[in-house]
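Asks: Chain by chain, the residues run as shown.
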Amino acid sequence: MPENFRLDKGGLINRNKKISFTFNGKKYFGYEGDTLASALLANGVHLVGRSFKYHRPRGFFGAGVDEPYAIVQMNRNNEVDPNVRATEQELFEGLEAKSVNCWPNVDFDIGAINNFLNKFFPAGFYYKTFMWPKSFWYKIYEPIIRKAAGFGAASIKHDKERYEHKYEYCDLLIAGSGPSGLASAYAAAQNGARVILAEDKSRFGGSLLTSDVTIGNQSGQEWAEKIISELKSMPNVVVKNRSQVFGYYDHNMLVMSERVSDHLPKTDKYIPKQRLWYIRAKEVVISSGSIERPLVFGNNDAPGVMLSSAAKEYLKIYGVLVGKKPIIFTNNDSGYETAIEFKKNGIDPIILDTRKKASSEIIKEAKELNINIKFSYVVVAAKGYKKVNSADIARISDDKKNLSNIENIKCDCICVSGFWTPSIHLASQSGNKTKFNEEIDAFIPSQSKQKETTLGAANGVFTLEETLKTSFEKGSELSKQITNKENKVSVPTIVEKKSSSHDKFWCVPLPEGKNYKRFLDFQNDVAVSDIQLALREGYRSIEHVKRYTTLGMATDQGKTSNLNGLQLVSDVENKVVPQVGHTTFRPPYTPVSIGAIVGREVGKHSKPTRKSPMHYWHEKNNAVFVDAGVWLRPRYYKQGNENLFEASKREAKNVRQNVGVCDVTTLGKIDIKGPDAAEFLNRVYTNAWLKLPIGKARYGVMLREDGIVMDDGTTTRISESHYHMTTTTAQAANVLSHLEYYLQLVWPELNVNVVSSTEQWAGAAIAGPKSREVLQKLFPDLDVSNEGLPFMGYMEGNLFGVHAKIFRISFSGELAYEVNVESDNGNYMWEKILEIGKEFNIQPYGTEALSTLRIEMGHVAGSELDGRTIPYDNSLEGLVSKKKDFIGKRSLRKSAYVEVDRQKIVGVVPLDKKTSIPEGSYIVKDAKAKLPNPKLGHVSASCWSVEYDNPFSLAIIKDGKNMIGQKLFAMSPLKNKTIPVEIVSSHYVDPKGERVRS
Amino acid sequence: MLYILCPHCGLRPQTEFSYGGDATVKRPELNKEISDQDWDNFVYLRKSPRGKHLELWQHISGCRQWIKVERDTLTHEIFTTYKASENT
Chain A
1 MPENFRLDKG GLINRNKKIS FTFNGKKYFG YEGDTLASAL LANGVHLVGR SFKYHRPRGF
61 FGAGVDEPYA IVQMNRNNEV DPNVRATEQE LFEGLEAKSV NCWPNVDFDI GAINNFLNKF
121 FPAGFYYKTF MWPKSFWYKI YEPIIRKAAG FGAASIKHDK ERYEHKYEYC DLLIAGSGPS
181 GLASAYAAAQ NGARVILAED KSRFGGSLLT SDVTIGNQSG QEWAEKIISE LKSMPNVVVK
241 NRSQVFGYYD HNMLVMSERV SDHLPKTDKY IPKQRLWYIR AKEVVISSGS IERPLVFGNN
301 DAPGVMLSSA AKEYLKIYGV LVGKKPIIFT NNDSGYETAI EFKKNGIDPI ILDTRKKASS
361 EIIKEAKELN INIKFSYVVV AAKGYKKVNS ADIARISDDK KNLSNIENIK CDCICVSGFW
421 TPSIHLASQS GNKTKFNEEI DAFIPSQSKQ KETTLGAANG VFTLEETLKT SFEKGSELSK
481 QITNKENKVS VPTIVEKKSS SHDKFWCVPL PEGKNYKRFL DFQNDVAVSD IQLALREGYR
541 SIEHVKRYTT LGMATDQGKT SNLNGLQLVS DVENKVVPQV GHTTFRPPYT PVSIGAIVGR
601 EVGKHSKPTR KSPMHYWHEK NNAVFVDAGV WLRPRYYKQG NENLFEASKR EAKNVRQNVG
661 VCDVTTLGKI DIKGPDAAEF LNRVYTNAWL KLPIGKARYG VMLREDGIVM DDGTTTRISE
721 SHYHMTTTTA QAANVLSHLE YYLQLVWPEL NVNVVSSTEQ WAGAAIAGPK SREVLQKLFP
781 DLDVSNEGLP FMGYMEGNLF GVHAKIFRIS FSGELAYEVN VESDNGNYMW EKILEIGKEF
841 NIQPYGTEAL STLRIEMGHV AGSELDGRTI PYDNSLEGLV SKKKDFIGKR SLRKSAYVEV
901 DRQKIVGVVP LDKKTSIPEG SYIVKDAKAK LPNPKLGHVS ASCWSVEYDN PFSLAIIKDG
961 KNMIGQKLFA MSPLKNKTIP VEIVSSHYVD PKGERVRS
Chain B
1001 MLYILCPHCG LRPQTEFSYG GDATVKRPEL NKEISDQDWD NFVYLRKSPR GKHLELWQHI
1061 SGCRQWIKVE RDTLTHEIFT TYKASENT
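These protein sequence lines are chains A and B, in that order.
Following the working numbering, the numbering of the first sequence begins with 1 at its first residue and continues without gaps.
Following the working numbering, the numbering of the second sequence begins with 1001 at its first residue and continues without gaps.
The reader is advised that the hints may include incorrect statements.
Distance condition first, Cα-Cα at most 20 angstroms in a straight line; then the derived EDC-like pairs of lysine to aspartate or glutamate [what the hints assert, rightly or not]:
| hint | chain 1 | residue 1 | chain 2 | residue 2 |
| --- | --- | --- | --- | --- |
| 1 | B | Lys1026 | A | Glu230 |
| 2 | B | Lys1047 | A | Asp706 |
| 3 | B | Lys1032 | A | Glu230 |
| 4 | B | Lys1052 | B | Glu1029 |
| 5 | A | Lys357 | A | Glu368 |
| 6 | A | Lys451 | B | Glu1029 |
| 7 | B | Lys1026 | A | Asp706 |
| 8 | A | Lys889 | B | Glu1029 |
| 9 | A | Lys894 | B | Asp1036 |
| 10 | A | Lys882 | B | Glu1033 |
| 11 | A | Lys777 | A | Glu835 |
| 12 | A | Lys638 | A | Glu619 |
| 13 | A | Lys889 | B | Asp1072 |
| 14 | A | Lys884 | B | Glu1029 |
| 15 | B | Lys1032 | A | Asp706 |
| 16 | A | Lys98 | A | Asp262 |
| 17 | A | Lys160 | A | Glu230 |
| 18 | A | Lys240 | A | Glu230 |
| 19 | A | Lys498 | A | Glu368 |
| 20 | A | Lys882 | B | Glu1029 |
| 21 | A | Lys607 | B | Glu1029 |
| 22 | A | Lys889 | A | Glu619 |
| 23 | A | Lys884 | B | Glu1077 |
| 24 | A | Lys884 | B | Glu1033 |
| 25 | A | Lys884 | A | Asp912 |
| 26 | B | Lys1032 | A | Glu705 |
| 27 | B | Lys1047 | A | Glu705 |
| 28 | B | Lys1026 | A | Glu740 |
| 29 | A | Lys894 | B | Asp1040 |
| 30 | A | Lys514 | A | Glu496 |
Treat the hints as calculated values from the structure; they're not laboratory data.
Predicted, not measured: the structure shown is a model, and the values here were computed from it.
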């Protein structure tokens, strides 16, 4: 199909490179440098989507970020990308896109019936209609609304594209490369400042690319090119196109989304699709320009009605005519510039100017070109359903209230200009108190909260001369403060045409007897009548009106609709706009893909993985791993066809009968040194520490100030003022911070230092009745007899040439030792233990067997120390000193903590000795009681006792002390199980603790 | 994201720190009798001011020092930062 609307020459596209693409399954051609929008328009395609609520046909309205209609679903690189603005999507060979929010297709859309039922869809429709019956919401209303509303469809597949994050620091971040951005960047760069210049589009220059101006002896576009190439060559400047600064956060942190590969057919290997930049800038220049404001009239959403600046951009940048019989409907001089461009390319436009009269250089030029200009004229309504084919136009009275001489004229597009709205989004996000500027009928930045300066059109300055002058100055001034250097830049001579002032008129009244929809928010289908209704219903605050009508709440965030909405509210309310105020601008300025926000933190990269020095041995020996916090720990070592249950039972049994070895490297370790270390431990732990001899370990429990157990572990006195503390794997970081808190803030007078040594030591627990024999062979020179190395004893030794620390401590309840060596020697130690232990039938055991062993011994761990229990609950009250004070002690006197029937840990055995009790089950008295069945407590940990060969669980239940021997029930509603159980002591195996001392 | 001046290390992004709550709370002395009310106030009761707030942060991914930060809870402006040992 030939391109009927492309001019033979002109534009910035590469006419030597033809590109084919498909839209809604149909093949078209465009050129390199096109956007999807410009290429479709060149082919005469205007109908691209259906509107959100009424499913009215929609075309292109803008040419950039402000586009409310042309949202498409992209299929690229076998991934779908929903909600892409066609005005920003650059064309590439083979691009595939389709319309959204229409079924079965954009040309014939069933949902369009809403348009004829629009009487039933007023503002607040959802709130009014779907309130009752309540039960209808989930099953009937919501699914229907979900199908009917919304835009693109997100993929449910994993996104294989790569997204990256980057952190950057600079002196000046400049958002927008129009005249103010270029000038301030150039001046700052000359002063040696580190500058980042960001441009959303692929081409730098902003309005300079489309305006008819001369800077020095160059055109605006040539000047922009020269400045950019100079900036690119400077080492202190980073220039980025396709990069949108979308968020301004605290302390001058800005976030920018760079579309690295979206303009390419596919993402290269190791190159991201998009990159998110977190930029900390000393100063920020907001040079984000302005967006043209629509004029409001009947059916102003029809395909073919678009912003006049967009029509000019399609003409000047892409060489595309948006129509061949245009009406330019304007209240200011900008519309004339578009008309002049049309005329220069052989098209005869009609200008309808709402003003009674106006004169300026631009208007004079239009007149000299014999363009038909009608003053005091308006478009009453656009005609044509899927494309504008004519317009009702009329003369408007001087008071703008009455229409006369209504006539219908043929046209194929209506280019509207309602003057300009500065893009103050970033300034507002930064906390800037904006103010209303009467002269331009818009808000501009005023009082800064952070280090930001808004320049040019974004600041309401619409002449190039003033923009360049202030931007050179500001760029120089801001950078000079940082670099203390000044290289004056001279401002070139500027030739531009002067404009006359605009007309404050923006909304065409309805002619008698007509009820045209006049849209304010084009993406959310909010019409003038909706706002009027909301106000009639009593909504006053602009924030409420916004939420009730959804004005400005679409993905374009009301870039083209906000101010007209405010105008309407102020007109109806007889207030001035500044009294109505504007709604809050929040990031992101333009939609950002979730993938970019997540970045590389996906899958395995979502958290670090910590591995012990023995990890590769575990891997080689069929370990099945489990996540323990960020650590990977062997859960069990699979032999043959064993499952988890069989393997862990075998491993645990072998510990009870022979000897096992477990990798305990992950335990938190903290090195504590200083003359006051004993006193410090005495305050941190609940039990007494002042008299612990050198070479001895002690088990300790530490509390939070509220009396809840924080952590437990053993601490060993290595020398007079040197201790080695161990913590649970999960709490290691918290405990260190806790200790540092007390040392630095509460008791700074204590002379103690703490440092994490978790990663310095590899640890192996050797447990079982034969562990002493293994240890003796590992350290033949040491006396490791029960007398030489008693329970809770400590010594150092030489493990085949490697220095080792030996602790006689036990988590399994068996005779056991923990050997620590420097991490680098961990694997050496591990292999030696297994080699030496072979004759004693040593086997490695994983966390599952480790749990089984501790559970049947009644040793508490994380599942009991769960942030809700005090020492008594865990039967640790014997470790709570009555004599000394310690962290959290005072809380233990709380009445709830000393109740006679306070919860306590018990053992639980199923009566049938067969049915395992699911962890988390409730313990109840009466299995048949009415729901909610009053619970006595919960099952915290379950195992298969290898000692007795039946299931065994730990539970923390009310009055646990007096429950031993009771027959109760364990109920698991999740697993739908009710198990009759008997309550027994939590110390199921070796209740006297003889084995550890043997 | 906040930019916090660690008195030991210099300006560092918020991600290097962890928050530690009200810095004006003083732990009651050890071994000293204290009423239930006073103890509960120390453990549980915190003000939630709108405006200036002296609070604790720990530079966990840096020098590991606890520092005091005077911050406006409304605007996030940081006025001054102190070492743990410094009087505010």
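Asks: Now tell me, hint by hint, if it's right for this structure.
Replies: Hint check results:
Straight-line distance between C-alpha atoms of Lys1026(B) and Glu230(A) comes to about 59 angstroms, which puts the hinted pair past the 20 angstroms bound. Restraint check for Lys1047(B) and Asp706(A): the C-alpha separation of about 18 angstroms stays at or below 20 angstroms, so the hint holds. Between Lys1032(B) and Glu230(A) the CA atoms are separated by roughly 72 angstroms; this puts the pair beyond 20 angstroms, and the hint is violated. For a cut-off of 20 angstroms, the pair hint linking Lys1052(B) to Glu1029(B) is broken: about 27 angstroms separates their Cα positions.
Distance hint between Lys357(A) and Glu368(A) is fulfilled; the C-alpha atoms sit about 16 angstroms from each other, no more than 20 angstroms. For the suggested pair Lys451(A) and Glu1029(B), the alpha carbons sit about 45 angstroms apart, so the restraint of at most 20 angstroms is broken. A distance of roughly 15 angstroms separates the Cα atoms of Lys1026(B) and Asp706(A); the hinted pair therefore holds under the 20 angstroms criterion. The suggested pairing of Lys889(A) with Glu1029(B) holds, with an alpha-carbon distance near 12 angstroms, which does not exceed 20 angstroms.
The suggested pairing of Lys894(A) with Asp1036(B) holds, with an alpha-carbon distance near 8 angstroms, which does not exceed 20 angstroms. Between the alpha carbons of Lys882(A) and Glu1033(B) the distance comes to roughly 14 angstroms, so the proposed pair stays at or under 20 angstroms and holds. Distance restraint check for Lys777(A) and Glu835(A): the Cα-Cα separation of roughly 10 angstroms lies within the 20 angstroms cut-off, and the hinted pair is therefore satisfied. Taking the CA atoms of Lys638(A) and Glu619(A), the gap is near 11 angstroms; set against the 20 angstroms cutoff, the hint holds.
For a cut-off of 20 angstroms, the pair hint linking Lys889(A) to Asp1072(B) is broken: about 34 angstroms separates their Cα positions. Distance hint between Lys884(A) and Glu1029(B) is fulfilled; the C-alpha atoms sit about 13 angstroms from each other, no more than 20 angstroms. Between Lys1032(B) and Asp706(A) the CA atoms are separated by roughly 17 angstroms; this keeps the pair inside 20 angstroms, and the hint holds. Taking the CA atoms of Lys98(A) and Asp262(A), the gap is near 16 angstroms; set against the 20 angstroms cutoff, the hint holds.
Restraint check for Lys160(A) and Glu230(A): the C-alpha separation of about 38 angstroms exceeds 20 angstroms, so the hint is violated. Between the alpha carbons of Lys240(A) and Glu230(A) the distance comes to roughly 14 angstroms, so the proposed pair stays at or under 20 angstroms and holds. For the hint pairing Lys498(A) with Glu368(A), the CA-to-CA distance comes to about 16 angstroms; that is within 20 angstroms, so the pair holds. Taken as a hint, the Lys882(A) and Glu1029(B) pair is honoured in the structure, with Cα atoms around 17 angstroms apart against an allowance of 20 angstroms.
With a CA separation close to 40 angstroms, the supplied pair Lys607(A) and Glu1029(B) exceeds the 20 angstroms bound. With a C-alpha separation of about 45 angstroms, the suggested pairing of Lys889(A) with Glu619(A) is violated against the 20 angstroms cut-off. For the suggested pair Lys884(A) and Glu1077(B), the alpha carbons sit about 43 angstroms apart, so the restraint of at most 20 angstroms is broken. A C-alpha spacing of about 13 angstroms is found between Lys884(A) and Glu1033(B), which places the hinted pair at or below 20 angstroms, so the restraint holds.
For a cut-off of 20 angstroms, the pair hint linking Lys884(A) to Asp912(A) is broken: about 47 angstroms separates their Cα positions. A threshold of 20 angstroms between alpha carbons decides the hint, and for Lys1032(B) with Glu705(A) the separation of about 15 angstroms falls inside it, so the pair holds. Proximity of Lys1047(B) to Glu705(A) is assessed by CA-CA distance (about 18 angstroms); at most 20 angstroms being required, the pair is judged to hold. Of the supplied pair hints, the one linking Lys1026(B) and Glu740(A) holds, its CA atoms being roughly 16 angstroms apart against a limit of 20 angstroms.
Taken as a hint, the Lys894(A) and Asp1040(B) pair is honoured in the structure, with Cα atoms around 10 angstroms apart against an allowance of 20 angstroms. Between Lys514(A) and Glu496(A), the direct Cα distance comes to roughly 43 angstroms. Violation of the 20 angstroms bound is thereby established for this hinted pair.
Violation of the numbered hints given earlier is confined to hints 1, 3, 4, 6, 13, 17, 21, 22, 23, 25, 30; the remaining hints are satisfied by the structure.
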